[in-house]
Amino acid sequence: MPISGVGQQKSFSDLQTEFGGSHPITMGEYAAYRVSGSGNTIDMDDFAGATAVDSVFQIKSGYIHTTTTLSGRRGGTLTRFSKGYNGTSPGGSSSTPPAGAIDSATNIGVSSVIGTVTRANHQTAGPGGTASVYLYINAGSDSNSGFTTASFSQTALGNSASLNRTDATYSYSSGVRQWLWNFNSSASNYSDWNYSNVSSTGFTSKIFGDANSGTGTDANFRTTITLS
Amino acid sequence: MYESLTCTIKDDEMQPEIKWARFTWKGIIYEVRAALDSEGKVDEVASLQECKDYLELIADSEETV
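Those protein sequence lines, which keep their order, are chains D and A.
Here the first sequence stands for residues 1 to 228, where the numbers follow our numbering.
Here the second sequence stands for residues 229 to 293, where the numbers follow our numbering.
With the rest of the complex left out, here is chain D (with noise of 0.2 Å):
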């Protein structure tokens, strides 16, 4: 919760709960997270309106796969998902997953808050398995900027992999500020984020989740997201 407002009652117990540390106290000691003036002169306004923020994150993933048989010369199966938080349904008949769940959605950034992550998740687009992965940021404000790299790990698995936001295409839409990281199956990173391929059986997310078939939402927060 931010500090309160300047000119209102504010503590340096407030600022521990906002910033953590352990007593004592020093003057001084959070003078980094001032919004207003500088030096060695410290004035508990200087605080007001002082957000922590938060560069990591962690997801449950609602997940769905679904499998398509094809048929004709170019008959097989085509398989289907979408892993993550708030994730959309990855196409043709597939429903919407289950939405999961963020153990720390708000202030989340690097230097500053960027605002309020509504969705990260991973799934197929298209027939071909191209892989997408979405990061969006309520923030209220149209800007590209925020973070430079976003780094995933699978906590069970071992498993990582890093973006770029230079690598995204970014858009804007109400307030939300969105990035959207697409890579096809002769993609160097495809195999970073992808078990199997399409047209296998156990096709699913490396990063996002611990299923790989089947619909639902899993037990535990398995992907850790830190912004950098």
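If you're looking for bench data, these hints aren't it; they were derived computationally from the structure.
Since we're looking at a predicted model, the values are computed, not measured.
Just to be clear, a hint being listed does not mean it is correct.
[Stated by the list, open to error] Keeping only pairs whose Cα atoms sit at most 25 Å apart, straight-line, the calculated SDA-like set for lysine to any residue is:
id, chain 1, residue 1, chain 2, residue 2
1, A, Lys238, D, Ser143
2, A, Lys247, D, Ser162
3, A, Lys280, A, Ala263
4, A, Lys280, D, Ser89
5, A, Lys280, D, Thr130
6, A, Lys280, D, Gly92
7, A, Lys254, D, Leu180
8, A, Lys280, D, Ser185
9, A, Lys254, D, Thr88
10, A, Lys247, D, Tyr172
11, A, Lys238, D, Ser173
12, A, Lys269, D, Thr148
13, A, Lys280, A, Asp239
Since the structure of chain D is already known, use the hints to place chain A on it.
Below, chain A alone, put in the same frame as chain D:
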């Protein structure tokens, strides 16, 4: 379908060496990486095509199979 589309070229806000082609389609603002020529300069014609190609891509991904 995208004949009326136009885009503007802008620097990235954090890494100004990165160039974006920015456009608006159906009320949504988009930025895709600008196309560069062999000398590393922004190719505005190719960048506009990148914008159109992207809209085609997202339209294709929504098709039912």
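Against the earlier hints, flag every one the structure doesn't satisfy and list their numbers going up.
Going through the list in order, the structure violates no hint and respects every one.
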